[in-house]
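What follows is the residue order along each chain.
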Amino acid sequence: MTTMQAPRPTQRARESRLDDDVVPLHLYGLRRGTTTLVTAIAVLFALFILAPLVWLVINATKTQANVYQTFGFWFARPFKLFENFSALFKNASGAGVYAKWLANTAVYAVAGGVGATALSAFAGYGFARYSFRGSKAMFYLVMSTLLVPITAVALPLYLVYAKVHLINSIWGMVLPSMVAPVGVYLMRTYIDATVPRELIEAARIDGASEIGVFFKVALPLMVPGLVTVLLLSVVAVWNNYFLPLIIFSRNSSYPLTVGLASLSHAAETGSKAQLVPVLIAGGLVTIAPLILLFFLLEKYFRRGALQGSLTG
Amino acid sequence: MDDELAAPPRSSTSDRSTEQGPHLAPHRKRARRAVRRDGYGAIFISPFVLALTLFMIVPIGYAIYESLYTTKLIGGTSYSGFANYRAVLSSAQFWDGAKRVAVFAVVQVPLTIGIAAFFAALFDAGVSRFGKLLRTIYFMPFAVPAVVASVMWSFLLLPHLGPFSKLADAIGFHNTNFFSTKLILPTIIVMVIWEWTGYNMTILFTSLRAVPRTVTEAALLDGASLWTIIWRVKIPMVRPAIVMLCFVNAVGALQLFTEPQILAAFQPQAVSFGFTPSLYVYNTAIGSAEYNLGAAAAVVLGLLIGAVSIGSMGLRRRNGEFA
Numbered sequence: 000m001t002t003m004q005a006p007r008p009t010q011r012a013r014e015s016r017l018d019d020d021v022v023p024l025h026l027y028g029l030r031r032g033t034t035t036l037v038t039a040i041a042v043l044f045a046l047f048i049l050a051p052l053v054w055l056v057i058n059a060t061k062t063q064a065n066v067y068q069t070f071g072f073w074f075a076r077p078f079k080l081f082e083n084f085s086a087l088f089k090n091a092s093g094a095g096v097y098a099k100w101l102a103n104t105a106v107y108a109v110a111g112g113v114g115a116t117a118l119s120a121f122a123g124y125g126f127a128r129y130s131f132r133g134s135k136a137m138f139y140l141v142m143s144t145l146l147v148p149i150t151a152v153a154l155p156l157y158l159v160y161a162k163v164h165l166i167n168s169i170w171g172m173v174l175p176s177m178v179a180p181v182g183v184y185l186m187r188t189y190i191d192a193t194v195p196r197e198l199i200e201a202a203r204i205d206g207a208s209e210i211g212v213f214f215k216v217a218l219p220l221m222v223p224g225l226v227t228v229l230l231l232s233v234v235a236v237w238n239n240y241f242l243p244l245i246i247f248s249r250n251s252s253y254p255l256t257v258g259l260a261s262l263s264h265a266a267e268t269g270s271k272a273q274l275v276p277v278l279i280a281g282g283l284v285t286i287a288p289l290i291l292l293f294f295l296l297e298k299y300f301r302r303g304a305l306q307g308s309l310t311g
Numbered sequence: 000m001d002d003e004l005a006a007p008p009r010s011s012t013s014d015r016s017t018e019q020g021p022h023l024a025p026h027r028k029r030a031r032r033a034v035r036r037d038g039y040g041a042i043f044i045s046p047f048v049l050a051l052t053l054f055m056i057v058p059i060g061y062a063i064y065e066s067l068y069t070t071k072l073i074g075g076t077s078y079s080g081f082a083n084y085r086a087v088l089s090s091a092q093f094w095d096g097a098k099r100v101a102v103f104a105v106v107q108v109p110l111t112i113g114i115a116a117f118f119a120a121l122f123d124a125g126v127s128r129f130g131k132l133l134r135t136i137y138f139m140p141f142a143v144p145a146v147v148a149s150v151m152w153s154f155l156l157l158p159h160l161g162p163f164s165k166l167a168d169a170i171g172f173h174n175t176n177f178f179s180t181k182l183i184l185p186t187i188i189v190m191v192i193w194e195w196t197g198y199n200m201t202i203l204f205t206s207l208r209a210v211p212r213t214v215t216e217a218a219l220l221d222g223a224s225l226w227t228i229i230w231r232v233k234i235p236m237v238r239p240a241i242v243m244l245c246f247v248n249a250v251g252a253l254q255l256f257t258e259p260q261i262l263a264a265f266q267p268q269a270v271s272f273g274f275t276p277s278l279y280v281y282n283t284a285i286g287s288a289e290y291n292l293g294a295a296a297a298v299v300l301g302l303l304i305g306a307v308s309i310g311s312m313g314l315r316r317r318n319g320e321f322a
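Chains as they are written, first to last, in numbering that gives the first Met the number 0: chain A, 0 to 311; chain B, 0 to 322.
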């Protein structure tokens with residue numbers, strides 16, 4: 000600790016640099032029209048990204064016949080948005096109750112996300128600020144589980160659940176969602192960058208217990224990192240399809256993803272009419288909360304990406 | 000923070016000297032306390048390790064055990080050694096799917112990362128107008144579950160009725176069926192590019208922004224053009240991020256499942272039983288209720304993806320990059 004260390008740039012300084020500290024464009028001496036051409040290409044790609052989302056919003060307002068017969072990227076009469084929403088929440092499909100799926104998804108995502116964040120915070124702190132016997136080997140073991148494909152875990156979970164009667168149980172979904180090796184990795188790097196060892200040592204000298212140091216000294220400094228891990232894990236559970244598809248056989252336990260898949264199957268193969276716009280409205284309600292969350296908390300998503308890239 | 004900075008430097012050096020003084024704590028006592036304290040590290044990681052053991056390691060162990068048995072309707076369960084593995088490895092359907100995801104990965108991964116790097120570099124230099132808005136739009140599909148993305152694209156590309164099929168018809172490609180056996184893989188590649196380019200672009204953009212401004216300025220002074228700076232200076236500097244993305248995208252591509260599984264509901268003839276290895280596992284274990292065979296297939300898939308991961312990590316090591 001005798002060497003002088005250059006002060007680390009604070010998170011805020013790093014973030015503002017993302018948008019401000021740019022070499023002025025005219026220094027590149029670009030030919031005239033380059034900016035326009037590049038902008039045009041970038042806007043075209045943005046249209047490609049937006050097209051399906053715009054289609055989803057517009058067609059959630061249509062009747063089934065109009066979904067197929069009218070121009071996909073403009074509205075058509077009659078305006079059926081509210082009818083489609085109410086059909087969605089009144090089990091028009093017979094495939095299950097959409098409101099229940101929405102509630103299930105929220106429970107799975109929040110419980111799984113909070114659990115994943117808590118476990119990642121503890122483990123990340125343990126790895127970042129202690130060196131106990133076998134800690135390095137353990138960290139490599141945790142990181143190597145990142146390579147295990149979800150397909151190779153979901154089916155084994157199903158086989159175990161069948162033995163211990165966890166099929167269709169909330170816990171069968173929530174508990175495995177708490178295992179997030181990426182979260183451990185992100186928390187470890189975040190703690191390394193933001194929780195000074197000297198501060199921990201000072202708190203110890205003041206007589207704080209190890210647990211007390213974690214909750215009173217380290218945790219407040221970890222909050223931005225915690226928010227990032229929480230968001231990433233909530234999104235991961237919200238969008239998870241393979242695990243719930245395998246472990247739930249009762250449609251009242253489904254999350255939105257599996258529910259929508261069964262709805263789309265019913266819309267395509269079933270004889271019940273008018274299901275297609277209901278399915279489209281269901282897709283809209285599924286992505287709306289996440290898009291909203293993402294706009295409100297964009298910088299935290301970006302920070303997660305930043306950490307993953309800088310230290311990876 | 001401000002208090003720390005405001006503290007006069009002399010007081011901090013005097014603190015350090017007393018802390019290091021020999022009269023404060025006897026050496027051995029201190030070492031023993033440090034060892035006991037480090038035990039807390041194990042306590043902090045134990046909840047995660049417990050969950051990891053119960054919900055990943057134990058199930059995988061159990062699946063390996065199950066894969067060594069065969070259950071017959073008459074005769075019950077009996078040990079069958081590697082019979083299930085022989086069945087999977089000699090299954091044409093399994094290898095058909097494995098080859099398909101290999102082709103898929105070889106095309107989709109470079110395309111996704113290439114497009115992402117192109118836009119990330121141009122946004123980073125500030126060449127495109129509306130950069131911030133466009134970046135936000137590109138990232139939006141990250142919030143869209145693959146199920147919803149697949150449903151949307153299924154309707155957009157529906158033969159005869161989907162807007163994009165009508166568009167193809169209007170510009171001269173009559174009766175284009177994006178779900179035909181020939182076109183279904185390119186169709187899924189476009190869907191996955193739609194889903195993941197923004198995420199890749201965001202990571203590359205943030206890494207590029209982290210390259211110090213002075214690097215660009217020095218290159219400019221040397222007379223480098225924008226394209227030279229991007230290709231020769233900046234992209235090489237974010238190589239670790241690009242390698243990491245190759246790896247993450249490839250592992251994802253080899254597990255391809257949701258998109259073809261949803262498309263199968265719309266176009267059953269285009270998506271076979273073993274269209275991808277993940278579909279093979281699902282259809283075998285859940286569809287046909289052949290759990291032991293499905294378990295063996297899941298283990299084989301896990302080993303194949305693990306082998307690819309370790310192989311690419313070895314490549315990273317050899318290139319002198321941190322794995």
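These aren't lab readings, by the way, just hints derived from the structure by calculation. Treat the numbers as computed from the prediction; the structure is a model and nothing was measured. A few of these clues could be false.
With the C-beta cut set under 10 Å, the calculated list includes, among others, these residues of chain B facing chain A [unchecked claim]:
| hint | residue |
| --- | --- |
| 1 | Phe47 |
| 2 | Leu53 |
| 3 | Val57 |
| 4 | Tyr78 |
| 5 | Gly80 |
| 6 | Phe138 |
| 7 | Phe141 |
| 8 | Ser153 |
| 9 | Ser224 |
| 10 | Ala264 |
| 11 | Ile285 |
| 12 | Gly293 |
Computed list of lysine to aspartate or glutamate pairs in EDC-like fashion (alpha-carbon distance at most 16 Å, straight line) [to be verified]:
| hint | chain 1 | residue 1 | chain 2 | residue 2 |
| --- | --- | --- | --- | --- |
| 13 | A | Lys215 | A | Asp205 |
| 14 | B | Lys131 | A | Glu297 |
| 15 | A | Lys215 | A | Glu200 |
| 16 | B | Lys181 | B | Asp95 |
| 17 | B | Lys71 | B | Glu289 |
| 18 | A | Lys135 | B | Asp37 |
Here a beta-carbon is modelled for each residue, glycine too, at the ideal position from N, C-alpha and C.
Original post:
Quick one, is the Gly293(B) hint okay against chain A at 10 Å, beta carbons?
Top reply: holds, 6 Å
Original post:
Does Phe138(B) pass the interface hint, meaning its C-beta sits closer than 10 Å to a C-beta of chain A?
Top reply: holds, 7 Å
**OP:** Compare the distance between the alpha carbons of Lys181(B) and Asp95(B) with 16 Å, and conclude whether the hinted pair is satisfied.
**Re:** holds, 15 Å
Original post:
Is it true that the CA of Lys215(A) sits at most 16 Å from the CA of Asp205(A)?
Top reply: Distance ~12 Å between Lys215(A) and Asp205(A) Cα, so the pair holds.
Original post:
With 10 Å as the cut and Cβ atoms as the points, is Gly80(B) at the interface with chain A?
Top reply: violated, 19 Å
Subject >> Agreement of hint Leu53(B) with chain A interface, Cβ distance less than 10 Å >> reply: holds, 8 Å
Subject >> Satisfaction of the Phe141(B) interface hint, Cβ to chain A closer than 10 Å >> reply: This interface hint holds because 7 Å falls under the 10 Å limit.
**OP:** Tell me if Phe47(B) is really an interface residue toward chain A, meaning its C-beta lies closer than 10 Å to one of theirs.
**Re:** holds, 4 Å
Subject >> chain A contact restraint on Ile285(B) - CB to CB distance below 10 Å >> reply: holds, 6 Å
**OP:** Assess, step by step, whether the Cα of Lys71(B) is no farther than 16 Å from the Cα of Glu289(B), and give holds or violated.
**Re:** Cα-Cα ~10 Å, so holds.
**OP:** Verify the interface restraint on Val57(B): the C-beta must sit less than 10 Å from at least one C-beta of chain A.
**Re:** Check passed: Cβ of Val57(B) comes within 7 Å of chain A, closer than 10 Å.
Original post:
Was the hint right that Ser153(B) lines chain A, CB cutoff 10 Å?
Top reply: Hint holds; Ser153(B) Cβ to chain A Cβ min 8 Å, cut 10 Å.
Hint compliance for this structure: hints 4, 5 are broken, all remaining hints hold.
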